[in-house]
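Visitor: Sequence:
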Amino acid sequence: MSANRSELFALGWHPFFEEHFRPHEAAGLEPARVAVQHRGAYMLYSAGGELSAELAGRLQGDYVRRDPGKLGFEARVSGRLPATGDWVAASVRLDEGRATIRAVLPRRTEFARKAPWLTTEEQVLAANMDTVFVVSALAAEIAVDDAANVRRLERFLALAHESGAQPVVLLTKADLRDDARQRALGLARLGVHVVVSSSFTGEGLDELEPYLAPGKTAALLGSSGVGKSTLINTLLGTERLATRETRRDGVGRHTTMRRELIRLDGGGLIIDTPGLRELQLWDAEDGLAGAFADVDRLSAHCRFRDCRHSVEPGCAVLGAVERGDLDASRLASFRRLLRELEHLEAKQDARATAQLKHRNRALARHARRLR
Numbered sequence: 391m392s393a394n395r396s397e398l399f400a401l402g403w404h405p406f407f408e409e410h411f412r413p414h415e416a417a418g419l420e421p422a423r424v425a426v427q428h429r430g431a432y433m434l435y436s437a438g439g440e441l442s443a444e445l446a447g448r449l450q451g452d453y454v455r456r457d458p459g460k461l462g463f464e465a466r467v468s469g470r471l472p473a474t475g476d477w478v479a480a481s482v483r484l485d486e487g488r489a490t491i492r493a494v495l496p497r498r499t500e501f502a503r504k505a506p507w508l509t510t511e512e513q514v515l516a517a518n519m520d521t522v523f524v525v526s527a528l529a530a531e532i533a534v535d536d537a538a539n540v541r542r543l544e545r546f547l548a549l550a551h552e553s554g555a556q557p558v559v560l561l562t563k564a565d566l567r568d569d570a571r572q573r574a575l576g577l578a579r580l581g582v583h584v585v586v587s588s589s590f591t592g593e594g595l596d597e598l599e600p601y602l603a604p605g606k607t608a609a610l611l612g613s614s615g616v617g618k619s620t621l622i623n624t625l626l627g628t629e630r631l632a633t634r635e636t637r638r639d640g641v642g643r644h645t646t647m648r649r650e651l652i653r654l655d656g657g658g659l660i661i662d663t664p665g666l667r668e669l670q671l672w673d674a675e676d677g678l679a680g681a682f683a684d685v686d687r688l689s690a691h692c693r694f695r696d697c698r699h700s701v702e703p704g705c706a707v708l709g710a711v712e713r714g715d716l717d718a719s720r721l722a723s724f725r726r727l728l729r730e731l732e733h734l735e736a737k738q739d740a741r742a743t744a745q746l747k748h749r750n751r752a753l754a755r756h757a758r759r760l761r
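Just so you know, we're using the numbering used here here: the sequence shown kicks off at 391 and counts up by one.
Honestly, the hints are just simulated from the structure, not real lab data. The reader is advised that the hints may include incorrect statements.
Stated by the list, open to error - What follows is a set of in silico ranges between Cβ atoms, one per label pair, in the way DEER data are often shown:
| # | residue 1 | residue 2 | range |
| --- | --- | --- | --- |
| 1 | Asp717 | Gly447 | 39 to 47 Å |
| 2 | Ser442 | Glu702 | 53 to 61 Å |
| 3 | Asp717 | Gly592 | 29 to 37 Å |
Cβ atoms here follow ideal geometry from the backbone N, Cα and C, with glycine treated the same way.
Use the sequences and the hints to build the structure in full.
Guide: Below is the structure:
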C-alpha cells in the first residue's frame, strides 16, 4: 500500500484509518473510499481508480426495505453499512473495474440523523468530513421568516457539532439581497463562522478555500433549493451537477437525488447531498451543547446541577433572559431540541427493554426444549 500512499492521502486518507486498516491489509484487502451510495449500489475511489462495488453477503443482511410498496433499499443499521465518505476494506478486481466491500473502517466524523421512516434507527448522511457547511439561501429562507430559519439552522448545527467536524454556516445567493452582510451579522449568536457567498458573482468563495485544501473533505447539508449543486458547479468550473431554474423569489428547485463525494481541481473533496426536508436529532447531547454554547456556559452557574432552565430558583440562564443577555426564543429552541432528544432516548430505552424481553423468552423456549 505504501506505493499508493500519496493517492490515498489525496482522497482524504489519515493515519487514523491506516491504523484500523492493518488487519484488513493482512487479509489481502485494499482501502477505498465511498464516492456514491445510492439505493444499495456503490461507486468507490481507490488508488487504482474508480470502481463499481457491491456489498459482501454478510453486510447485505443489514438492509431493510424503506417502503414495501417501492423498489430500492435503505440502510437499517447505518452504523455498519457504508455511507458516502466512508473508507472501506474491499477485494478489488481492477481488470473488471469492480470491487466487493468487505468491511467499513471506523469513522473519524459522521453526520447522522434519526431515520425518518424508522422509530429508533440512525441514518448516516456523510462520513469522514473535516467541515460541515450548513447551507441556507439568503434569497428565500432568511427573507421569508428569520425566526423560523434561525431555528432550522440551530437544529442543523446541533447535529453538525455532534458529527465531530467543524460547522460553518454558508449563506448562498447573496447577489439577490442588498442586506446580505447585515443578515450575516445577525447570525453571530450561533457562535460559528458565517460565510456570505454568491455563485453568480463569486463573492465569498475565497473564504471556502481553507476548508477545501488538498485532502480535506467538506459536506454540504441544507434544505432543498438552497444552491448546493450550483455552488459545486461553480467550484468545478463546469456544469457537472444538474440544476434547475430558480423561481422568481430566489428559491431553487430540488435536483440532487443521491449523496456523492466529488473531487475538486484544487485537491479538496466535497460531499453533495439531497435537500433535507426532515431532520430529526440523533444522540446529539454534546452537539446540542455545542450549538448552544452560550446556554451551556450560563448553565454552569445555575444553583442546581440538573436545572431545566424553566422555573428553578437561582437559574443563571433565566437570569440572562431577564437581563436581555439571552434571547428568550433561543432558550425556547434549546428546550424544544432537548425535549426531542429525551423523547428519542425514552423510545430507545423502551425498544431495548422489549428486545431484552424477546431474547429472554427465546432463551426460555430453548431451555424448555432441552429438558
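Visitor: Which of the numbered hints above does this structure break?
Guide: 1
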